[in-house]
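A.B. asks: Spelled out, the chains give:
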Amino acid sequence: MSTETVASSLSSDQLLAAYRKMRTIREFEERLHVEIQTGEIPGFTHLYSGQEAIAVGVCAHLGVTDYIVSTHRGHGHCIAKGCDVPAMMHEIYGRAAGLCKGKGGSMHIADFSKGMLGANAIVGGGPPIAVGAAIACRNRGDGTVAVAFAGDGSCNQGTVFEAMNLAVVLKVPTIFIYENNGYSEHTGVDYAVGSKDIAGRAAAFGMPVEKVDGTDFHAVYAAMGRALAHARAGHGPFAIEAVATRFYGHFEGDPQLYRAKDEVKRQRESMDCLSIFRRTAAAHGLSDAALDAIDAEVLDLIERSVTEARQAPPPAESELTTDVYVAY
Amino acid sequence: MTQKTMRDAINDALHLEMARNPNIIVLGEDVSGGAGGTSGQREASGGIFGVTKGLLPKFGEHRVIDTPISESAIIGAAAGAALAGLRPVAELMFADFVGVSLDQLFNQMAKFRYMFGGRTTCPAVVRLAMGAGMNMGAQHSQTIYPLLTSVPGLKVVIPSNAYDAKGLMLTALRGDDPVMFFEHKALYPRKGEVPDGDYTIPFGEAALVREGEHVTVVAIARMVVFAEKAIDAVHKDGITCDLIDPRTTSPLDLDTILESVENTGRLVIVDESPPRCSVAADIAAQVASQGFRFLKAPIGLVTAPHTPVPFARELERAYVPSPQRIEAAIRKVMQE
Ligand SMILES: Cc1ncc(C[n+]2csc(CCOP(=O)(O)OP(=O)(O)O)c2C)c(N)n1
Ligand SMILES: [Mg+2]
Numbered sequence: 589m590s591t592e593t594v595a596s597s598l599s600s601d602q603l604l605a606a607y608r609k610m611r612t613i614r615e616f617e618e619r620l621h622v623e624i625q626t627g628e629i630p631g632f633t634h635l636y637s638g639q640e641a642i643a644v645g646v647c648a649h650l651g652v653t654d655y656i657v658s659t660h661r662g663h664g665h666c667i668a669k670g671c672d673v674p675a676m677m678h679e680i681y682g683r684a685a686g687l688c689k690g691k692g693g694s695m696h697i698a699d700f701s702k703g704m705l706g707a708n709a710i711v712g713g714g715p716p717i718a719v720g721a722a723i724a725c726r727n728r729g730d731g732t733v734a735v736a737f738a739g740d741g742s743c744n745q746g747t748v749f750e751a752m753n754l755a756v757v758l759k760v761p762t763i764f765i766y767e768n769n770g771y772s773e774h775t776g777v778d779y780a781v782g783s784k785d786i787a788g789r790a791a792a793f794g795m796p797v798e799k800v801d802g803t804d805f806h807a808v809y810a811a812m813g814r815a816l817a818h819a820r821a822g823h824g825p826f827a828i829e830a831v832a833t834r835f836y837g838h839f840e841g842d843p844q845l846y847r848a849k850d851e852v853k854r855q856r857e858s859m860d861c862l863s864i865f866r867r868t869a870a871a872h873g874l875s876d877a878a879l880d881a882i883d884a885e886v887l888d889l890i891e892r893s894v895t896e897a898r899q900a901p902p903p904a905e906s907e908l909t910t911d912v913y914v915a916y
Numbered sequence: 511m512t513q514k515t516m517r518d519a520i521n522d523a524l525h526l527e528m529a530r531n532p533n534i535i536v537l538g539e540d541v542s543g544g545a546g547g548t549s550g551q552r553e554a555s556g557g558i559f560g561v562t563k564g565l566l567p568k569f570g571e572h573r574v575i576d577t578p579i580s581e582s583a584i585i586g587a588a589a590g591a592a593l594a595g596l597r598p599v600a601e602l603m604f605a606d607f608v609g610v611s612l613d614q615l616f617n618q619m620a621k622f623r624y625m626f627g628g629r630t631t632c633p634a635v636v637r638l639a640m641g642a643g644m645n646m647g648a649q650h651s652q653t654i655y656p657l658l659t660s661v662p663g664l665k666v667v668i669p670s671n672a673y674d675a676k677g678l679m680l681t682a683l684r685g686d687d688p689v690m691f692f693e694h695k696a697l698y699p700r701k702g703e704v705p706d707g708d709y710t711i712p713f714g715e716a717a718l719v720r721e722g723e724h725v726t727v728v729a730i731a732r733m734v735v736f737a738e739k740a741i742d743a744v745h746k747d748g749i750t751c752d753l754i755d756p757r758t759t760s761p762l763d764l765d766t767i768l769e770s771v772e773n774t775g776r777l778v779i780v781d782e783s784p785p786r787c788s789v790a791a792d793i794a795a796q797v798a799s800q801g802f803r804f805l806k807a808p809i810g811l812v813t814a815p816h817t818p819v820p821f822a823r824e825l826e827r828a829y830v831p832s833p834q835r836i837e838a839a840i841r842k843v844m845q846e
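Protein chains in written order, with the numbering used here: chain E, 589 to 916; chain W, 511 to 846.
Each hint should be verified, as a subset may be incorrect.
[Unchecked claim] Partner residues aside, some chain W positions facing chain E, computed with beta carbon under 10 Å:
1) Asn531
2) Ile579
3) Lys739
4) Leu768
[To be verified] Subject to a maximum C-alpha distance of 30 Å in a straight line, what follows is the list of computed DSSO-like cross-link-like pairs (lysine-lysine):
5) E:Lys784 - W:Lys746
6) W:Lys695 - W:Lys568
7) E:Lys759 - E:Lys853
8) W:Lys563 - E:Lys784
9) E:Lys799 - E:Lys849
10) E:Lys849 - W:Lys563
11) W:Lys563 - E:Lys853
12) W:Lys701 - W:Lys746
13) W:Lys739 - W:Lys701
14) E:Lys849 - W:Lys701
15) E:Lys759 - E:Lys799
16) W:Lys739 - W:Lys621
17) W:Lys739 - W:Lys568
18) E:Lys759 - E:Lys784
19) W:Lys621 - W:Lys568
Derived from the structure by calculation, the hints contain no laboratory data.
The beta carbon of each residue, even a glycine, is placed where N, CA and C say it ideally should be.
In isolation and in its complexed conformation, chain E is listed as follows (with noise of 0.2 Å):
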């Protein structure tokens, strides 16, 4: 099935949510980049602007019954899986209102009513988490499936190795998204993927494994379909490498000494998901109005979620030893 093809059989309102939940969490990082530098959010970001279409392409195929894991950089993906976005802002000044009650913050938002099992901190701790929901997906028969989102770096972890072999074993519908943004940290991903080859790494193991281009949507969102229609079909686990790039820092405030001084202007350049989705819109039957619309809509979103959170309560000392079977 070509690229084509399957973004035709998007309708114009859908390929409207798609560039929305792109834009909105391109604004919300871009916002956090401008926020995180007055000091008022607690502890350490990682952002996601850049990766887009990557959790778009993805999450567009899932319903809230579908399974989602994430890493340290997943507010795109929980955007994409539609968590509450003022809760999440909530959830990232460490708010009384956020997503975990703010015990959590940025490394940690999880929404389980949209099949959100969490952001993580542990480099490689998703995928596992990932193959057990795909056993109780698998187990209610009811075609649903959990993806894995792991980055580069991450999928040099065991119990990365250890996630996808038992997905194969099980025959369980577990998508793997290796999204590849060049670095893990500040290593090069040639370096630190011996075979510098993530995809096909995934194959070895015994599952379909496709690499596509993460900057654009149509791409992702068609190579997904085809992971979906396997899994779905009972035929056990699929892998996605994802090839993009993150915008900023591995964290806010790194210097990035490793990477090139014009690289990220550059990459801005080329490798925009937002612009290239705006590119083909036109042929896609979206004018520019309805998405500028957009655009519109998201920046008050954002600018209400950052107002809203910045003044709320932080949660009551009382929290601290709740939602813990005993506390000493």
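Position chain W with the ligands against the provided structure of chain E, taking the given hints into account.
C.D. replies: Only chain W with the ligands this time, still in chain E's reference frame:
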């Protein structure tokens, strides 16, 4: 003597001993950084916390090894390198990541010497950045040292200041057993007097940080700093305290603690870890069993609650034992 941060003091020890001993290697994620990057700049980080800065340019890629994200392999490779004659220093970055590598630590590294009938040693140092206080959330803020202190075969070192950190690291690098070297993240930027040259601090020798008459306070890592504040506060009311920093929890210098409790009759233990099966609980049990007759009051324990570390500033502040809570515990044992 120079004023140095704890970060630089540890870095100093690594530089010193790597120059002296060609068998020392350093390995871990981004201990240098920059491998495979597009800037061409090697040592793009020198460790996420900057503790291994300058090592790669000086000692080269065979001795300063950037690894993929593979904690099991990092610790296992350190164990194997130690069996084969090297002295590896493995950086685990955040102590929490020890979870990924636990088998290589407690089934392998810790057991080699004993299980193989004393026919080998395993001189490896594992560096772990620990502690709450920076809103890094439940998976980047734990202390972990209680877990590893409970494992026979591992030495556990937990410095509270720059001077001790350098001397303890030099001891670690010269010993023959695996050493878990815990570095509290909040202490990295704290400065202290650090001699430029070579000195070692033996394991199993506590530091008597303050001397007093009424209460013995035992505190670990950052809690030493907080305990000093509490001790200053009660001093205004004429209460004086011994402050003991065990510096190593395995081996533990129980004698110094017992001697002090014999004099004061009152004990407060401050530990940033959750309370159960902790170092605080262990010291309390040891003192109760060996020094019960000295005690004039129940032992005061100031610890984190039995919960994961919360993210929100307000909750994390309530989680970490504060100088105020330590002060209250000192006053309480004085009332008995
Ligand atoms: C077990 C574990 N080891 C190391 C880290 C520190 N760390 C956080 S993110 C990261 C790099 C992850 O790279 P990648 O998987 O490519 O994801 P990206 O950051 O590029 O999204 C590392 C080493 C961690 N959080 N957990
Ligand atoms: Mg990456």
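A.B. asks: Hey, Lys784 of chain E versus Lys746 of chain W, does the alpha-carbon distance stay inside 30 Å?
C.D. replies: violated, 65 Å
A.B. asks: Would you check the hint for Lys739 of chain W and Lys621 of chain W, treating anything up to 30 Å between C-alpha atoms as holding?
C.D. replies: violated, 40 Å
A.B. asks: Is the shortest C-beta separation between Leu768 of chain W and chain E less than 10 Å?
C.D. replies: violated, 26 Å
A.B. asks: Take a quick look at whether Lys849 of chain E and Lys701 of chain W sit within 30 Å of each other, Cα to Cα.
C.D. replies: The given pair, whose Cα atoms are some 34 Å apart, is violated under the 30 Å limit.
A.B. asks: Holds or violated: Lys701 of chain W with Lys746 of chain W, Cα cutoff 30 Å?
C.D. replies: holds, 26 Å
A.B. asks: When the nearest CB of chain E is found for Asn531 of chain W, is that gap smaller than 10 Å?
C.D. replies: violated, 27 Å
A.B. asks: Lys563 of chain W and Lys853 of chain E: Cα distance at most 30 Å?
C.D. replies: holds, 28 Å
A.B. asks: For a C-alpha distance cap of 30 Å, please report whether Lys849 of chain E and Lys563 of chain W respect it.
C.D. replies: holds, 22 Å
A.B. asks: Sort out whether Lys568 of chain W lies within 30 Å of Lys621 of chain W, counting only the CA atoms.
C.D. replies: violated, 33 Å
A.B. asks: Is the straight-line distance between the alpha-carbon of Lys759 of chain E and that of Lys853 of chain E 30 Å or less?
C.D. replies: violated, 43 Å
A.B. asks: Does Lys563 of chain W pair with Lys784 of chain E here, judged by a C-alpha cut-off of 30 Å?
C.D. replies: The given pair, whose Cα atoms are some 28 Å apart, holds under the 30 Å limit.
A.B. asks: Mind checking the alpha carbons of Lys695 of chain W and Lys568 of chain W for me, to see if they're no more than 30 Å apart?
C.D. replies: Answer holds: Lys695 of chain W to Lys568 of chain W is near 25 Å, not above 30 Å.
The structure does not agree with the numbered hints 1, 3, 4, 5, 7, 14, 16, 17 and 19 stated previously, though it agrees with the rest.
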